[in-house]
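Its first residue numbered 97, the sequence shown is counted upward by one per residue in this note's numbering.
Honestly, the hints are just simulated from the structure, not real lab data.
Possibly wrong hints are sitting among the right ones.
Here are the in silico distance ranges between beta carbons for each label pair [as the list claims (entries may be wrong)]:
# : residue 1 : residue 2 : range
1 : D211      : H163      : 36 to 44 Å
2 : E389      : D319      : 38 to 46 Å
3 : Q159      : H139      : 34 to 42 Å
4 : E289      : I110      : 43 to 51 Å
5 : E389      : D177      : 53 to 61 Å
6 : S98       : G207      : 27 to 35 Å
7 : G382      : G107      : 45 to 53 Å
8 : E389      : D185      : 26 to 34 Å
9 : G207      : T102      : 17 to 25 Å
Don't be surprised by glycine CBs; every beta carbon is placed ideally from N, CA and C.
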Amino acid sequence: MSHSRTVEIEGHIIDSGTMQRCFGAVMDLGGSFDVEQFDVGTHEEAESYCRMRVSADDEGTLQAILHELHQNGAVLEDPSDVTLVAAPDDKVVPPDFYSTTNHPTEVRYDGEWIDVERIEMDCALIVDPDGPDGEPRAYTKVLNGVEEGDLVATDESGIRVNPPERPRGSGGAFGFMQGGVSSERPSESTIREVAAELRDVKTAGGNVMVVAGPAVIHSGAGDALADLVAAGYVDSLSAGNGFATHDLERSLYGTSLGMDVETLEHPRKGHKHHIWTISEIIRAGGIEAAVEEGIVTEGVMYECVRNDVDTVLAGSIRDDGPLPDTVTDAVEAQDAIRDQAHDADIVLMLATLLHSVAVGNCLPSTTKTVCVDINPATVTQLLDRGSAQAIGMVTDIGTFVPTLAEFVLEGDDAAVAEAGESA
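Take the sequences, apply the hints, and build the full model.
Given below as structure tokens:
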């Protein structure tokens with residue numbers, strides 16, 4: 097006996113590849129489909145609509161197919177309200193709880209579709225029938241944040257996922273689902289487009305997040321990143337104890353991990369500079385205190401303090417010291433990074449797999465992402481996390497950041513000159 101259900105898909109589902117993915121999912125999982133209605137949008141702003149009946153030989157196969165279709169934005173015909181079950185205890189979710197994607201999501205509650213706030217992958221979906229304003233509210237919670245009595249969504253009934261669609265018009269450097277990784281891509285023109293995007297985001301009052309690894313300092317790119325911070329192009333910084341330590345070491349001793357980044361020489365006892373740096377910062381009472389006392393006089397961390405940039409230094413098991421500003425509680429660090437990520441409009445991931453993956457896990461798929469690393473595997477892994485608008489560049493971070501800063505600040509100079517001429 098065949099088992100079947102009818103699903104509906106609508107939006108810009110042709111040029112975004114949604115229909116192709118849905119048809120492929122049904123066939124790959126051993127099912128079949130019958131398109132009952134297909135209305136094609138005939139101009140740029142018009143949406144398309146498809147209703148199809150999906151069939152499989154057994155209920156298990158059908159449910160697997162419906163799950164894949166759900167991930168691509170399909171919903172059951174005449175959907176029911178979301179199924180909610182109270183969490184039995186703190187940090188305990190009901191069996192078969194719904195695990196979120198990073199795509200914009202809605203839940204159907206009391207006959208109405210509600211946007212899910214703070215969307216993020218691999219979370220529980222909570223519905224509060226009486227939100228702060230008395231209206232129903234839906235939002236995500238990480239598992240360790242679930243509290244006894246929270247109403248948790250189970251299975252996929254009454255839940256609608258909305259994968260990002262191809263933007264209307266030119267996509268530029270952030271073309272839809274680019275995902276391509278190539279060291280042969282014309283890097284200077286791509287960097288110039290990233291610079292233009294940063295300027296546009298800031299002009300619109302948006303938020304720029306930077307995720308940086310120690311290689312930024314080792315490669316000599318720290319000065320350029322500090323210039324971007326000083327010019328107001330960085331709103332938040334996510335990094336580790338190592339990045340901050342070597343940036344501060346550069347200010348105190350002119351070295352990074354004991355090496356002079358200009359001459360590439362290794363001064364006598366240079367291998368001790370990083371641990372001496374940590375000691376001096378601890379003695380001062382923290383990075384901000386060290387800046388205020390004149391101990392630290394330059395660098396990325398210096399500019400972050402001076403420009404009130406939201407900074408999260410997340411610790412790891414291998415950290416020396418660590419610096420007193422480093423968050424050593426992993427859950428606390430995750431929550432702090434999560435707040436940064438949800439505020440970001442564009443994220444620059446610079447030569448760090450560890451921290452970039454942590455941030456990538458927290459990002460909605462709609463956030464623009466730039467990932468730069470000399471290792472192609474790092475770039476591929478980050479882009480595969482599902483951002484709809486992403487750039488991946490396999491290049492030396494010591495070249496990328498100074499070039500980016502030059503193009504961004506060059507734009508500032510041009511804007512000043514243009515304003516002067518118009519006056």
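Evaluated hints:
At about 22 Å, the CB distance of D211 to H163 disagrees with the hint of 36 to 44 Å. Range check, E389 to D319: about 22 Å between beta-carbon atoms, so the 38 to 46 Å window is missed. Between Q159 and H139 the beta carbon distance is about 37 Å. The supplied range of 34 to 42 Å therefore holds. For E289 and I110, the Cβ-Cβ distance of about 27 Å falls outside the hinted range of 43 to 51 Å, so the restraint is violated.
Checking the proposed 53 to 61 Å range against E389 and D177 shows it holds: the Cβ atoms sit about 59 Å from each other. Judged by the Cβ atoms, the range 27 to 35 Å given for S98 and G207 holds: they are separated by roughly 31 Å. Taking 45 to 53 Å as the suggested C-beta distance range, the pair G382 and G107 conforms, at roughly 49 Å. The given range of 26 to 34 Å is broken by E389 and D185, whose C-beta atoms sit roughly 48 Å from each other.
Checked against the given bound of 17 to 25 Å, the beta carbons of G207 and T102, roughly 20 Å apart, stay inside it.
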